[in-house]
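A.B. asks: Note that the protein sequences, when read in sequence, are chains A and B. Here our numbering is used: the first residue of the first sequence is 580, the next is one more, and so on. Here our numbering is used: the first residue of the second sequence is 93, the next is one more, and so on.
Just so you know, the hints here were simulated from the structure itself, not pulled from any lab data. Using N, Cα and C, we set each Cβ at its ideal position, and we do this for glycine too. Take these hints with a grain of salt, some might be off.
To be verified - Pairs of lysine-lysine, DSSO-like flavour, derived with a Cα cap of 27 Å: (1) B/K140 <-> A/K598; (2) B/K138 <-> A/K710; (3) A/K722 <-> B/K138; (4) A/K736 <-> A/K805; (5) B/K138 <-> A/K598.
Claimed, not checked - Counterexamples of contact, computed for chain A against chain B with all Cβ distances above 10 Å: (6) G714; (7) W716; (8) A768; (9) H833; (10) K851.
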Amino acid sequence: MNNGTTLGLFYTIIRPEEKWILEAAAARGLAVERLADDEVTFPLVQNGMKSDIVLNRSVSHTRSLYALRFFEHYGLPTVNRYEVVNLCGDKILTSLRLQEAGIPTPRTVVALTPEAALRALDEVGYPAVLKPPIGSWGRLMAKVDDREEAEQIIEHKDALASPMHSVFYVQEYVPKPDRDIRVQVIGGAFVAAIYRRSSAWRTNTARGGEGERVEPNAELEELAVKAAEAVGGGVLAVDLMESPNGLVVHEVNHTPEFKTLRAVTGVDIAAKIVDYVCEVARR
Amino acid sequence: MTQCPECEASVQLKDMIEGEIFSCPDCGVELEVSSAQPFAVAVAPKEKEDWGE
Numbered sequence: 580m581n582n583g584t585t586l587g588l589f590y591t592i593i594r595p596e597e598k599w600i601l602e603a604a605a606a607r608g609l610a611v612e613r614l615a616d617d618e619v620t621f622p623l624v625q626n627g628m629k630s631d632i633v634l635n636r637s638v639s640h641t642r643s644l645y646a647l648r649f650f651e652h653y654g655l656p657t658v659n660r661y662e663v664v665n666l667c668g669d670k671i672l673t674s675l676r677l678q679e680a681g682i683p684t685p686r687t688v689v690a691l692t693p694e695a696a697l698r699a700l701d702e703v704g705y706p707a708v709l710k711p712p713i714g715s716w717g718r719l720m721a722k723v724d725d726r727e728e729a730e731q732i733i734e735h736k737d738a739l740a741s742p743m744h745s746v747f748y749v750q751e752y753v754p755k756p757d758r759d760i761r762v763q764v765i766g767g768a769f770v771a772a773i774y775r776r777s778s779a780w781r782t783n784t785a786r787g788g789e790g791e792r793v794e795p796n797a798e799l800e801e802l803a804v805k806a807a808e809a810v811g812g813g814v815l816a817v818d819l820m821e822s823p824n825g826l827v828v829h830e831v832n833h834t835p836e837f838k839t840l841r842a843v844t845g846v847d848i849a850a851k852i853v854d855y856v857c858e859v860a861r862r
Numbered sequence: 093m094t095q096c097p098e099c100e101a102s103v104q105l106k107d108m109i110e111g112e113i114f115s116c117p118d119c120g121v122e123l124e125v126s127s128a129q130p131f132a133v134a135v136a137p138k139e140k141e142d143w144g145e
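Model the full assembly from the supplied sequences, consistent with the hints where possible.
C.D. replies: Structure, rendered in structure tokens:
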């Protein structure tokens, strides 16, 4: 059975999340056009694409951005939108937007040269966290305990050829319990939340952090929804920390993984994503 | 049935779809189903610097 809508799934690899999305689409009678990000070509004038709406599940920030811009150019609605992915995929742009929206976020200073990065670290104070502006899964992040360590890490980053490592995103180290909070928001509504616990300072489940149920918490849910809306809304995972001064939002993820969230909460996130995509397609 | 391109262990298609990522049961390397019919696998793409969620 086909309900008349064709869902374009733009993806890099099929993880459990993408498989559940495909199953949820099939259960709703949606036809699916699989768009592998290493195979699709994008002419300036659309030809041959069958999709009525595109769900972006590519793990590549660069591929996602160009592809979403093309899909929008073809007149196709996308989840998430280009602007949202552009903002959320860049920690600097995310921090700026969160600050503009009055959402509590860790103190952050950006520097554009290694010399300025040392000054930025002095301004933030030690310990501090140095992150690449683009990238995820806690990769290439560094906790910097003092100036000597800062000089060494910055020298190493400067030696990397990528321009991404010549921009320095310096953030205060938030003394927090050995956990942070991941909140799934879809279409402006709270869906589910977990603690991500780890004895290491990075709590990403991609780095082995473990999930644990969060009791209903109106303040948390309201703040997460506000953060998701501030970056433009859609299917978003908001990461928060419990600082001594209250909750702070440090990241909003535009193509969230939800394997751990689903296992811990039992919420069928894939079904909710597909329902939201259908709702956007009907608009 | 096909072979793991890393360790040549036998690998079977069990409810897997094209593009799906799984670990070789013998050597643990991440594999991708490059074709479901006929069943073929390749080493999964390596994580790149701009990959994430």
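A.B. asks: Each hint needs a verdict: does it hold in this structure or not?
C.D. replies: Checked hints:
1. B/K140 <-> A/K598: It holds: about 22 Å lies between the C-alpha atoms, which stays within 27 Å.
2. B/K138 <-> A/K710: 21 Å, holds
3. A/K722 <-> B/K138: Roughly 26 Å separates the two Cα atoms, so the pair holds.
4. A/K736 <-> A/K805: Since the Cα atoms of A/K736 and A/K805 sit roughly 34 Å apart, the hinted pair is violated (cutoff 27 Å).
5. B/K138 <-> A/K598: Holds. B/K138 to A/K598 sits at ~20 Å (cutoff 27 Å).
6. G714: Not fine: 6 Å to the nearest Cβ puts A/G714 too close to chain B.
7. W716: Nearest chain B Cβ is 6 Å from A/W716, so the label is violated.
8. A768: At about 20 Å from chain B, A/A768 clears the 10 Å cut-off, so the statement holds.
9. H833: 8 Å, violated
10. K851: About 17 Å separates A/K851 from the closest Cβ of chain B, which puts it past 10 Å; holds.
In this structure, the hints that do not hold are numbers 4, 6, 7, 9, in rising order.
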